[in-house]
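Chemist: Chain by chain, the residues:
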Amino acid sequence: MKIVVCVKQVPEVTNVQVNPVTGTLIREGVQSILNPFCEYALDHAVRIKKAHNDVQIIAITMGPPQAKSVLLRSMELGADEGVLVTDRKFAGADTWATALTLAEAIRFAVPDFNLVFVGKQAIDGDTAQVGPEIAEILGLPQITYGIQAEINDSRRQIRVKQEVERGYEVIEATLPALVTFSKGEVVRRAPSFADVLRARQKPVRMVSANDLSIPEEKLGLQGSFTQVVKVFPPPAKKSSLLVDNVDAVEAARTIYQFLKERRFVS
Amino acid sequence: MHEVFTKTLPAVDIHQVKCVQGFEKIKAEYPVYLSDESKISAKPFEYLFFPKSEEELAAIVREMGRLKIKITIASARTGLAGGCVPMEGALVSLENLDKVEAIHYEPSSAEWRVVAQNSVSLKALEGMLRTKHFPHLEQSADERVRCEYLQFKNDPDGYFYPPDPTEMSAALGGSVVTNASGARTYRYGPTRAWVRGIRVMLANGEILDIPRGKYFASPAGQFVIWDSQGQAFSIPVPDYQQPKTKSAAGLFAAPQMDLIDLFIGSEGILGIVTRVEVALLKREEKVSVIQFLESDEQAIALTEALRSEKRLQLDFLEFYSGNALDLLRELQKHEPSTVGMPFIPQDAHAAIFFEMSFDSKSENLDYHILEETIARCGARLEDSWAGYESRELDRFKVFRHMIPETINGIIAERKKQVPGLHKLGTDMAVPDQYLPEIWRLYKEHCEALNLEWYAFGHIGNNHLHVNILPRDMQDLASGLELYQSFARRVVELGGSVSAEHGIGKLKGKFLRLMFPPEALQQMRAVKNALDPDGLLNPGDILPVEVAQ
Ligand SMILES: Cc1cc2nc3c(=O)[nH]c(=O)nc-3n(C[C@H](O)[C@H](O)[C@H](O)COP(=O)(O)OP(=O)(O)OC[C@H]3O[C@@H](n4cnc5c(N)ncnc54)[C@H](O)[C@@H]3O)c2cc1C
Chain A
1 MKIVVCVKQV PEVTNVQVNP VTGTLIREGV QSILNPFCEY ALDHAVRIKK AHNDVQIIAI
61 TMGPPQAKSV LLRSMELGAD EGVLVTDRKF AGADTWATAL TLAEAIRFAV PDFNLVFVGK
121 QAIDGDTAQV GPEIAEILGL PQITYGIQAE INDSRRQIRV KQEVERGYEV IEATLPALVT
181 FSKGEVVRRA PSFADVLRAR QKPVRMVSAN DLSIPEEKLG LQGSFTQVVK VFPPPAKKSS
241 LLVDNVDAVE AARTIYQFLK ERRFVS
Chain B
1 MHEVFTKTLP AVDIHQVKCV QGFEKIKAEY PVYLSDESKI SAKPFEYLFF PKSEEELAAI
61 VREMGRLKIK ITIASARTGL AGGCVPMEGA LVSLENLDKV EAIHYEPSSA EWRVVAQNSV
121 SLKALEGMLR TKHFPHLEQS ADERVRCEYL QFKNDPDGYF YPPDPTEMSA ALGGSVVTNA
181 SGARTYRYGP TRAWVRGIRV MLANGEILDI PRGKYFASPA GQFVIWDSQG QAFSIPVPDY
241 QQPKTKSAAG LFAAPQMDLI DLFIGSEGIL GIVTRVEVAL LKREEKVSVI QFLESDEQAI
301 ALTEALRSEK RLQLDFLEFY SGNALDLLRE LQKHEPSTVG MPFIPQDAHA AIFFEMSFDS
361 KSENLDYHIL EETIARCGAR LEDSWAGYES RELDRFKVFR HMIPETINGI IAERKKQVPG
421 LHKLGTDMAV PDQYLPEIWR LYKEHCEALN LEWYAFGHIG NNHLHVNILP RDMQDLASGL
481 ELYQSFARRV VELGGSVSAE HGIGKLKGKF LRLMFPPEAL QQMRAVKNAL DPDGLLNPGD
541 ILPVEVAQ
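Chains A and B supply the protein sequences, listed in that same order.
Under the numbering used here, the first residue of the first sequence carries the number 1, and numbering increases by one thereafter.
Under the numbering used here, the first residue of the second sequence carries the number 1, and numbering increases by one thereafter.
Extracted from the complex, chain A is given alone in its bound form (with noise of 0.2 Å):
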């Protein structure tokens, strides 16, 4: 049984700083790791891997060459194999041709693939459209912000517990199948040294423009149809509340009624 987990790098933005004169990022310092959610992802794909024998756990991710670090990230943690999907053609894809490449990746490297896991979202572009695009092109039934997933006996389904508003609703799709998953309740996993140092000696595999079916002008920026018309940032969630230019014991009587409405006090 094959489980292809796709996997991002993305740049490490809880240490993000703004330069508070020009307004942009300050990237010195500021180190790329493999997109949290993807981490989840392959996190269940590695619980499925224990609970069964002679599963496989490939991660596939496109990007620059320096994008081969993620996939030994994903093989200290427990995937078999990469598949760095890789070419100057590529460059500038937005989510649709990310999907479409991807998928054409997929089905060339691991054309007997049983499950697709993928992140809900990257914390780069917080987008969460390619999982389900891929599940598009690939013809797959999706399953999103899942949490939990199992294999049943037979193997020829899963089930998902996924996240929804209030509290979680348990889906089952027939396999082959897309899975996106959340973060849920995964503690994240420490590979050991050894694990660190095997994963090196793990098989990675090129995947480049030429081994797709794809036509050039569905490429890259070329085959992107996102426009970016604007940036900004969102406003900011009213939560919570500035008592200023008040005294002591006008501060003291607002925080406590503020307090007192959300129960915190009584």
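Be aware that one or more of the hints could be misleading.
Claimed, not checked - List time: in silico EDC-like cross-link candidates among lysine to aspartate or glutamate, alpha-carbon distance up to 20 Å:
1) LYS123/B to GLU12/A
2) LYS202/A to GLU63/B
3) LYS183/A to GLU392/B
4) LYS183/A to GLU335/B
5) LYS25/B to ASP80/A
6) LYS361/B to GLU12/A
7) LYS361/B to ASP80/A
8) LYS361/B to ASP247/A
9) LYS202/A to GLU335/B
10) LYS132/B to GLU12/A
What the hints assert, rightly or not - Partial pick of chain B residues on the chain A-facing surface, computed with a CB cut under 8 Å:
11) ILE344
12) PRO345
13) MET356
14) LYS361
15) ILE369
16) THR373
17) GLU382
18) SER390
I should point out that these hints are in silico values taken from the structure, not numbers from a laboratory.
Built from N, CA and C at the ideal position, the CB exists for glycine as well.
For this one, chain A is given, so just place chain B with the ligand on it according to the hints.
Modeler: What follows is chain B with the ligand alone, placed relative to chain A:
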């Protein structure tokens, strides 16, 4: 050269300096200044000053000197020995001296250096270095400063400040005055090794600039300091020996020593540090490993093996005892996410943490020497956790600090029932060859008395923090007695009773175990020469009553 000259600063009116007067007001409005991380309480004191410049500080020192009011100095108040907790007089908080002044390349030693005012925190410095973004330098009025900063930004390599005394909110100057050390002291030495210059204000309110490598004690063992009035003070250099371990106990002394070393680690009893210059090191990629082991004894054996394998260069070598892991396991049982790590393996009964250079992009990583060393001690590299991404290194660091934090939480709860209780945390180091012996002593005695205890810390430097958690006053009394007996043995083995936290107001009795009365008298003589009225940090290192 053993003669130095002090300078005066332009006069500032003392009334311009921000000051809170009256103990009741300080208590009500500024309660955080009544203690530090040792949690001892201040005795009534009259003034709380917040100088914004060296000139303002000089005005305070002169005015208090004139009125014979004693001064206690506070930086970030993270000290664990009560050093900055005043028992009388005035408290001067240096928190507003918090600007980085320059970053420049020093060709003679081929290193980048940072010049900063006392209260730049270690955390802020690390953040600025990581992003290479120093707001004060960017906006500096001095073109040379801006130019050098630009040069630093354009250097393709990253840099860091090696000392890492755990508590990153400590002030850079505070860490120099206490000669703080941390896990990385194993490879990089204590703070002292990275200080290239300091500026100190003496008890007369005058300023002394001391670059490293310029002023050395005369062969007869003295320094002479001339003040701006042409008056000379002669400072006799003590002739006692330092322990052969890392140490933050008492004043540093060595034959023909550098003057700068007298002030580093002096805990503020000789002068007030206002500015420091420290060296940086090129940042390399690192991997952090937590190696799980069968027993505490296996951890000791592995430490010795790793240390003696010269082909391995580890940045630090830290320890969690078996009972410490059990405590964390208990936390994980109730709430798996509290520890932030996967479940601690059931058969792990001790752990060693280490960090070393690593190239994550490399395809043939060769760590066979490490693997073999670990295997020879009967352990397996499979039973470890490893991480190298910065968020992983941070996660591992949090895990490393989880035990002390958990312990502090437990004791705080117990204190609510029995207010007199407090934890007993040792901070002692012995020379390498005595690690197994001192470990046996700690373990056997704590167990024999049926005390609740945990051990963790800098095993690479034979510097374990044994933490005893008394359950009642009886436990506390026997723990205190045990601590004294540990200290006596550490001293017999040539170790230090305070390897990193300093003496402050809490550990004088241990200092007296370590140094004979003549040596303490020599420390006193240095203090008297520099601060004849005993104005600065009364009660720190040396007891007040003898000082007068
Ligand atoms: C959780 C925790 C972990 C810690 N871990 C370590 C550790 O691993 N290693 C270690 O060495 N320490 C450790 N410490 C202790 C403390 O953080 C260090 O001693 C630190 O260097 C103190 O810096 P500070 O700025 O807080 O100084 P303060 O606490 O403000 O002062 C410390 C002493 O220095 C004097 N002083 C401070 N600044 C000046 C100055 N500019 N001029 C003259 N005198 C001055 C004060 O009067 C006082 O005596 C730890 C503390 C905590 C709370």
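Chemist: Next step is simple, just say for each hint if it's right about the structure.
Modeler: Hints, one by one, checked against the model:
Of the supplied pair hints, the one linking LYS123/B and GLU12/A holds, its CA atoms being roughly 19 Å apart against a limit of 20 Å. Our distance criterion of 20 Å between C-alpha atoms is broken by LYS202/A and GLU63/B, whose separation comes to about 72 Å. Between LYS183/A and GLU392/B, the direct Cα distance comes to roughly 17 Å. Compliance with the 20 Å bound is thereby established for this hinted pair. Restraint check: the Cα-Cα separation between LYS183/A and GLU335/B comes to about 17 Å, which is no more than 20 Å; the hinted pair holds.
With a C-alpha separation of about 66 Å, the suggested pairing of LYS25/B with ASP80/A is violated against the 20 Å cut-off. Distance restraint check for LYS361/B and GLU12/A: the Cα-Cα separation of roughly 17 Å lies within the 20 Å cut-off, and the hinted pair is therefore satisfied. Between LYS361/B and ASP80/A the CA atoms are separated by roughly 18 Å; this keeps the pair inside 20 Å, and the hint holds. Between LYS361/B and ASP247/A the CA atoms are separated by roughly 58 Å; this puts the pair beyond 20 Å, and the hint is violated.
Distance restraint check for LYS202/A and GLU335/B: the Cα-Cα separation of roughly 35 Å exceeds the 20 Å cut-off, and the hinted pair is therefore not satisfied. As the CA atoms of LYS132/B and GLU12/A are separated by approximately 17 Å, the hinted pair is consistent with the 20 Å bound. Here the hint on ILE344/B is broken, as its CB sits about 11 Å from the closest CB of chain A, past 8 Å. Hint status for PRO345/B: violated, given a least beta-carbon distance of 10 Å to chain A, over 8 Å.
Using the Cβ-Cβ criterion of 8 Å, the hint placing MET356/B at the interface with chain A is not satisfied: the shortest such distance is roughly 10 Å. Hint on LYS361/B holds. Least Cβ distance to chain A is approximately 6 Å, under the 8 Å limit. With a cut of 8 Å, the hint placing ILE369/B at the interface with chain A is violated, because the nearest CB-to-CB distance is about 13 Å. Against a cut-off of 8 Å between C-beta atoms, the interface hint on THR373/B is violated, since the closest Cβ of chain A lies about 13 Å away.
With its C-beta approaching chain A no nearer than about 5 Å, GLU382/B sits inside the 8 Å limit, and its interface hint holds. Because the smallest distance between the Cβ of SER390/B and any Cβ of chain A comes to about 5 Å, under 8 Å, the interface hint for this residue holds.
Hint compliance for this structure: hints 2, 5, 8, 9, 11, 12, 13, 15, 16 are not met, and every other hint is.
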